[in-house]
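*Asks:* Letter by letter, the chains look like this.
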Amino acid sequence: MAQLKQEIAHLPRFSPERLRIEARKEQRKARLLTLFIYTFLIVASLPIILGYGWLVLNSFSETLAYGVLPKGWTIKNFRFLWELPSRYYPDLWRTTWNTLLLAVGMTIIMILVATPTAYVISRMKFPGRNMMLAMTLILHSFPGVTLLISLYYVLRSLGLLNSIVGVFLVKAGLMLPLGIWIMKGFFDNISWDVEMSGLVDGATRMQTLYKIILPQVKPGIAAMAIFSFINGWSEYIYVITFIQKKESWTLSSYVNSIIGDFQFIDYGLLSATALFYILPVLLFFIFTQKYLMTVTVGGTKG
Amino acid sequence: AAAQEVITIRAWTVGPDTPAFYRAENLITAAERLNHILEVVGADIRVEVDADFWTDEWDSFRRRVILASEEGDPDVVPDILVSSHLDIPVWSSSGWLAPLDDYVQTYWESTYQDFFPHLWESVSFEGKIWGVPQDIEVRMVFYRKDHLRALGWTEDEINDLARKVEEKEFLLADLQALAKEMQAAGLVDYPIVHRPTSGPDFFQFVVAYGGDYYDPETNKLVIDKAALEATLQFFADNVKDGLTPSGMTTWPWPAVHRAIAEEGTAGMQITGGMWFWAEWQRDFGIPEEDLWENLTWSLIPAGSEKGRPNQLGHPLAYMVTSPSHHKDLAFLLITLASEVDLNTRHSLEAAKLAIRRSQTAFPRFLESEYLAEAAKLVPHQIFTAAHPAAGRYATVLHEAIGGVETGALTPTQAVDLVIQRMTQAAGDDLIIR
Amino acid sequence: MAAVVLKNITKAFGSVVAVDNISLEIPDGQVTALLGPSGCGKTTTLLMLAGIYQPTRGEIFFDEVMVNGIPPKLRNVGLVFQSYALYPHMTVFENIAFPLKLKKVPKDEIRQRVQDIAKVVQIDDLLQRKPAQISGGQQQRVALCRALVKNPDLLLLDEPLSNLDARLRIETRAEIKRIQQELGITTILVTHDQVEAVTMADQVAVMRNGVIQQYSSPEDLLLKPANMFVASFMGDPPMNLMEAELSSENGKSVFRCGSELKIPVPDAIAAALQSRRDREFILGVRPENLELLDEPHELAVPGTVFMVELLGRDKLVDFRFGEVALRALVPADVAVSQGEKKWIRPQAHRIHLFGKADRQAVPLAG
Amino acid sequence: MAAVVLKNITKAFGSVVAVDNISLEIPDGQVTALLGPSGCGKTTTLLMLAGIYQPTRGEIFFDEVMVNGIPPKLRNVGLVFQSYALYPHMTVFENIAFPLKLKKVPKDEIRQRVQDIAKVVQIDDLLQRKPAQISGGQQQRVALCRALVKNPDLLLLDEPLSNLDARLRIETRAEIKRIQQELGITTILVTHDQVEAVTMADQVAVMRNGVIQQYSSPEDLLLKPANMFVASFMGDPPMNLMEAELSSENGKSVFRCGSELKIPVPDAIAAALQSRRDREFILGVRPENLELLDEPHELAVPGTVFMVELLGRDKLVDFRFGEVALRALVPADVAVSQGEKKWIRPQAHRIHLFGKADRQAVPLAG
Amino acid sequence: MKRRGYGMIVLLLLPALLIILAFYVVPAVLTGTMSLTNMDHRLSWNFVGLDNYKAMLQDTILSRVFWNTLLYVFGTLLCFNVTFGLLLALATSYIAERQAERTSMFFRALWLLPRFTPPIVYGVIWLWILDPTRNGLLNGILNFFGGRPVSWISEYPMPVIILTNGVIGASFGMILFYSAITSISKEYTWAAEVDGAGWLQRIRYVTLPLIRWPLMFVTAYQTLSLLTSYEYILIITGGGPFYRTTVWSLYAYNEAFGGYYASYRFGYATALTLVLVLISMVASIIYWRVFRFREMMSEPKIEVI
Ligand SMILES: Nc1ncnc2c1ncn2[C@@H]1O[C@H](COP(=O)(O)OP(=O)(O)OP(=O)(O)O)[C@@H](O)[C@H]1O
Ligand SMILES: Nc1ncnc2c1ncn2[C@@H]1O[C@H](COP(=O)(O)OP(=O)(O)OP(=O)(O)O)[C@@H](O)[C@H]1O
Ligand SMILES: [Mg+2]
Ligand SMILES: [Mg+2]
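Chains as they are written, first to last, in my numbering: chain A, 201 to 502; chain B, 42 to 474; chain C, 76 to 441; chain D, 76 to 441; chain E, 235 to 539.
Hints listed in this document are in silico derivations from the structure and should not be mistaken for laboratory results. Any given hint might turn out to be false.
What the hints assert, rightly or not - Straight line, CA to CA, 27 Å or less: simulated DSS-like cross-link-like pairs of lysine-lysine:
(1) C:252 / C:194
(2) A:411 / C:176
(3) A:225 / D:179
(4) A:445 / B:368
(5) C:299 / D:390
(6) E:535 / C:178
(7) C:252 / D:205
(8) C:299 / C:390
(9) B:261 / B:281
(10) B:209 / B:417
(11) B:266 / B:186
(12) A:229 / D:178
(13) E:420 / D:205
(14) C:205 / E:420
(15) B:281 / B:347
To be verified - Per the computed footprint, the stretches of chain E lying under chain A, defined by three or more beta-carbons under 8 Å from a beta-carbon of chain A, are:
(16) 249 to 258
(17) 285 to 291
(18) 321 to 329
(19) 336 to 345
(20) 401 to 413
(21) 508 to 519
We put the CB at the ideal spot given by N, CA and C, even for glycine.
Work out the full structure, taking the sequences as your base and the hints as a guide.
*Replies:* Dropping the structure here:
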């Protein structure tokens, strides 16, 4: 103790002068850091800002001079909202409806499948529990898109070709690993005491799941819903592969068709369609993003 | 009117170039005409066409056809398909198409005898006709006239270029020399550009260097090592001399079009297609006068004494699927859609050649100076091989060109690559010489 | 109400033995406390009684019925967690009503019963709030209501007071005690706080490392600790404990504690030890059982005051004898100050001795 | 070391005023406690001193230097959180070494200093463990080491003992006190536990709703509470408080408390109240200041024992007079049982009176 | 009792098991079988034994593709999906901490935008930015300053696909890291400040170690995602120039469907796919072990079912 006292005796002591100088230095450092961070964010985001800015400008202008500068304001690029680009396009609203069906269907399947699975993995005791989680990671290593042909055969034998249902089932299957990880993270964070309370209060395990656990993982379900909705909304390759009827098209096929074999360069129409396509998810996101920012992958903290 | 039975004929057609939409539209018009006749004769059936016009990519169109055909569901498989004649060997040998000889025979006198005879070759496979030629085009070289003028060429000299090419007075080496002049004069960024994507066009250079890619006798693909290497050397040299950008195979299509047609930052497009004329007007909004003012074209020049100048045609054809319940009607519609006036409006809109003799005398066709001019190249037409692996061959050749252009491969190595890949793909159906 | 019996209960989690072969008989209608330091297996025992954990070995009986394997919902126990474990998404009303809802009690009756029980603990004006909107003390009462509303046969309380501040703790202690007495529910109270155990329970089981150390009335825990652990665990401030060697000096028996302290042995104790062979013990005496005298006394030890600490209404007086410390607790108004010389006399019948090897209490007459 | 002065400090979070215009002078080298119920603004005050929160209004001085706006890293304070906030991914050694590492102290010196300080609190054999692998008490000492190792000018302790069990609490209390005294560091201790405040601090500031109620020595808090809140908050068991009307009966002054209790007024108090106009007060007397007599006495009130509760070494004896309860605390060995009749006598100089309206202490002579 | 309990587990797992069976197990078996055939556009099952695997050994392009894949996967992962995602999360949480919650949200939404955008549109945006003529953004800017247009895609093919994929990939890490960072107990932050840590030191010594689970998860999960992704490469470079950006999955895709005249070598393509599955599975097992993901599983406390 005495030694300790001696040791600390020669350390620099509290001095107003030093304090003031250092405080000023710290303040300058803090201001620089803030400046640096904003600069970083803005510079790093430039491609996105410019790219999407171009998209917006394009959609409201007649042409772009030098491909960059918009000339002549117009809303004619949005004419697809009230007329078909040609008679070979399916109805826009029907296509939109199909897209919605796909995205919502996939979201629902994800919730119905990933939630109970994650619950079991997170909170039930049974042999092979670790295996299950390991397996979800391994499942993710299946390159879904290159299994295209096999999936085609599977859907064919299930009689699900040419239906949105088939597509969203496949999509949900491929997103399952992510859904399980996200939901597991949320289930992990629920207090065991609360679930035990439910049991003691006379609930079965199933009842605790419905009445006590699920209401508490709503943010998780919301987060997962956002992920799957967005994923389903922008799906292209499965739609175009498993759905041959144009009536069952979704917006992605619509946009692809407008862009064509990269030979079509009506950027105005393209941008307008793309905007129309992005807007719903963007709105959806803005209203739900607070849930997205609560996603954890679980595990005990620390 | 009495109770009518309405028969729906479904057709899948493909652009993907948007001006080609009459491939679908003509069927619809044909149905209207047919219905008119049916009404006049008091028949109690009517025909309705449910037509699809694909503007997404070729590969997704083909995938769609293949998967639908494999599924074989008559509710999904269309009655009529429009696709490349190259698909005929593949699809017919899979049993997805109906042979059309009898039908063609039926309407021979009224219609089909009028078709240019050589077109039937392109739609035949193993002795049967599987398709009705729908259009045909010319693939040639486009030159910027303004640059030629800037190099001091007179109008006469410019107008004489096509002839010089045809008569082998202007070879690929001269084309390279011309490119270097443009380059030196600072007129262009890159004097020579070509299509970025794979396509049959590149076989033209093999022919230009005196080689061959297909042996119709044995129905086998041919790899002519010397001509192939010369072709690859040509592309390699262009890049080495800075005439072609080394990443040409990664350019987006619109950039190529703009460079040659709109801005003139390129001097020559050596894998041009005559239908570009339509796209440039319709999609890029360039007035036709400007095109006339700035562009001229020729055959692909010969590369060597042995070689020959040429242009390639890649016919598209109407096909009837084998599961179709209404093959007769489908074919009737195809026949009606191939009427001179209908096919001509397609030719005009999409800038394609005539497929019928009488078309060339058809007033509206004659009105088009462009079509008339382009049609002059027809005698030098070559076709893509009618072999199931021909598509693969085109892809491999394009790869090899990409390889030499980026410097990843020497022309010799590239030839080896082509041989290796084609041996894998075609097996015994390959002659290497 | 139910009498509960645990027979040779062991609970192991993998290689960790949380509860080690314990047997207990818990009488009907009384409060029994499980007392012990953190990690000693109290909660584990409780959760076995609730049916959440299955014992690894042994049997649990409710009123002579073996309940091993019977799921919690059939056991009719009420459980209050240390964390309260209120359902965060339900209002206070819904929380309390939950067990009744599961039993399909009619709505009107639920409302009536919830309101009645809420009135008892004075939270009837909070029923529409969510748990996050009420204070810790109120949450505690909600948890209690939820456990009581279904008329459980057995009430289990897991450290029910540890989250409350001193004042609330005292009030709630009385409250629980009152309700328990009124309803006469068999109650098991888990705590690490000896004051809580002693004031609330009719009998206390002291646990350590999964083993029961002593099971007796609160008084006996203080007055007759069965072993050194219980002796040291009970009492605040803690008992003075030191190694002591019985020897004799000038014909008198003394305990030699370290090099500087010699405590005279009262005759009764000397007599009781006569029959024992071992001479080395642990001697324990509680600070409140040390009297401070101003004058010498036959059974007293002289010492100089090392430090004085005021503990509310008492004073803790610290003496040092070499490495051995003796602390005495005296009323705050006793005048004593640092450096002063005092005579310290342990109350004879409050001296505890433990075997040096086995640390078990040495029986002393009386 | 530093003397700390808070001048009219206010801290508001949005519309919530957590700390409301407080002023304090904290002397150099001493221990000052901030005591108050949950949510009264203690932690907020502490965090302002550490520099983590900026005061909304007012100024903080360290040794006459205004430190508002100076970031925590320059203030050289040591802070021990209630939850300890040990970095879970670092070993004990790394936790303690962290502040030194940030100061770029050479490695050898770091090792030396960490070992020295760890030895002081006896955790030198735990240095390689992770926080999750040591007990709460040990974690607490690690947190203390981390705060002390950089030789802070000011040591801030936020409820440092609340997570410990009774026994550990007592030991750690002594430990902290000893270290503080030896190093002479100005220390501010935040607690809601009055025993902790009273035993450890040289002076105590009692807070409530962000306002300081009384700032004085621990003795004065108990003996001279400034208002009713302090009186009721301090002391365990809590002070008996009841409305009392000064009136006279048979020529003697009495306090009428409710309908059934009349407490005779000692003369000194009667004299002190003479000058006041108001007759209604709150009367307070601590349970330990009520004597139980077996016989009548002039200043005693007769009553029947309603309930007896054993609190360790004391007994709490509960009397009821209608709606008014009186609790007396007597040593455990005093014989008293339910239903017995006793005379209760408040110690005259331990009676507290508060104005009925303002709840401020009424000055009584002495 | 026990049996009834497992019944519930089976019931809850059933949907997932069915989906896994239908969309993973069966296709995997089919793919395995298909890889033993020379299936082409005719979709007929002609068994040719291990020919496809032998062909793979002779495929001279494949080694190039393999190295491309490694470069692409780890380049994108390390530069963007983890590192850049982390930087974004740190930067936006720094801003949010300083009462600019809305600005922070704006940037986060901005970075999620590419993820919401249909791939083709996203591709078109980049094709515009990188256009080799003056009509592109970059070349337009270069031109403004008098530079010659650069053919970005062919000159820097690998950086281009890493960048374009990374801009999308970063948002996944950003979301997970951001929520992990904001859920770190404030007391650790305060303790570090009092201990004398600046922002960077706090990140280095406190934040990063505390978000190690998300860091490891994103690393593992995104490795696998990248191994199997090719969509954006297909759109932006098509795998060129001359295979310089062809990754394994794109190669398999091209063998099956790609090109002006698709190859339709389904037998060979599925054999390639299967090898990719094996590679990814090995990767996922390695990650599972090395990152000790097992420790993310805490033992369930309730023993009744
Ligand atoms: N689910 C579990 N898995 C493994 N070990 C456990 C588990 N639950 C408890 N333990 C261990 O068993 C022992 C007893 O735990 P228990 O929770 O019963 O203690 P406790 O007496 O309630 O302690 P506290 O006062 O800290 O709540 C401890 O060592 C604990 O680490
Ligand atoms: N960041 C904050 N935002 C809003 N209100 C706050 C914040 N921090 C504290 N408060 C409020 O300020 C008041 C004082 O809080 P503080 O944490 O200082 O209390 P405390 O005395 O430390 O209480 P405890 O004993 O519960 O720790 C409380 O009402 C609290 O709800
Ligand atoms: Mg416990
Ligand atoms: Mg606090």
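*Asks:* For each hint, tell me whether it holds in the structure or not.
*Replies:* Hint check results:
{"no.": "1", "hint": "C:252 / C:194", "in the structure": "holds, 16 Å"}
{"no.": "2", "hint": "A:411 / C:176", "in the structure": "holds, 11 Å"}
{"no.": "3", "hint": "A:225 / D:179", "in the structure": "holds, 18 Å"}
{"no.": "4", "hint": "A:445 / B:368", "in the structure": "holds, 20 Å"}
{"no.": "5", "hint": "C:299 / D:390", "in the structure": "holds, 19 Å"}
{"no.": "6", "hint": "E:535 / C:178", "in the structure": "holds, 25 Å"}
{"no.": "7", "hint": "C:252 / D:205", "in the structure": "violated, 41 Å"}
{"no.": "8", "hint": "C:299 / C:390", "in the structure": "holds, 25 Å"}
{"no.": "9", "hint": "B:261 / B:281", "in the structure": "violated, 34 Å"}
{"no.": "10", "hint": "B:209 / B:417", "in the structure": "holds, 16 Å"}
{"no.": "11", "hint": "B:266 / B:186", "in the structure": "violated, 35 Å"}
{"no.": "12", "hint": "A:229 / D:178", "in the structure": "holds, 17 Å"}
{"no.": "13", "hint": "E:420 / D:205", "in the structure": "holds, 20 Å"}
{"no.": "14", "hint": "C:205 / E:420", "in the structure": "holds, 24 Å"}
{"no.": "15", "hint": "B:281 / B:347", "in the structure": "holds, 25 Å"}
{"no.": "16", "hint": "249 to 258", "in the structure": "holds (count 7)"}
{"no.": "17", "hint": "285 to 291", "in the structure": "violated (count 0)"}
{"no.": "18", "hint": "321 to 329", "in the structure": "holds (count 6)"}
{"no.": "19", "hint": "336 to 345", "in the structure": "holds (count 6)"}
{"no.": "20", "hint": "401 to 413", "in the structure": "holds (count 5)"}
{"no.": "21", "hint": "508 to 519", "in the structure": "holds (count 7)"}
Violation of the numbered hints given earlier is confined to hints 7, 9, 11, 17; the remaining hints are satisfied by the structure.
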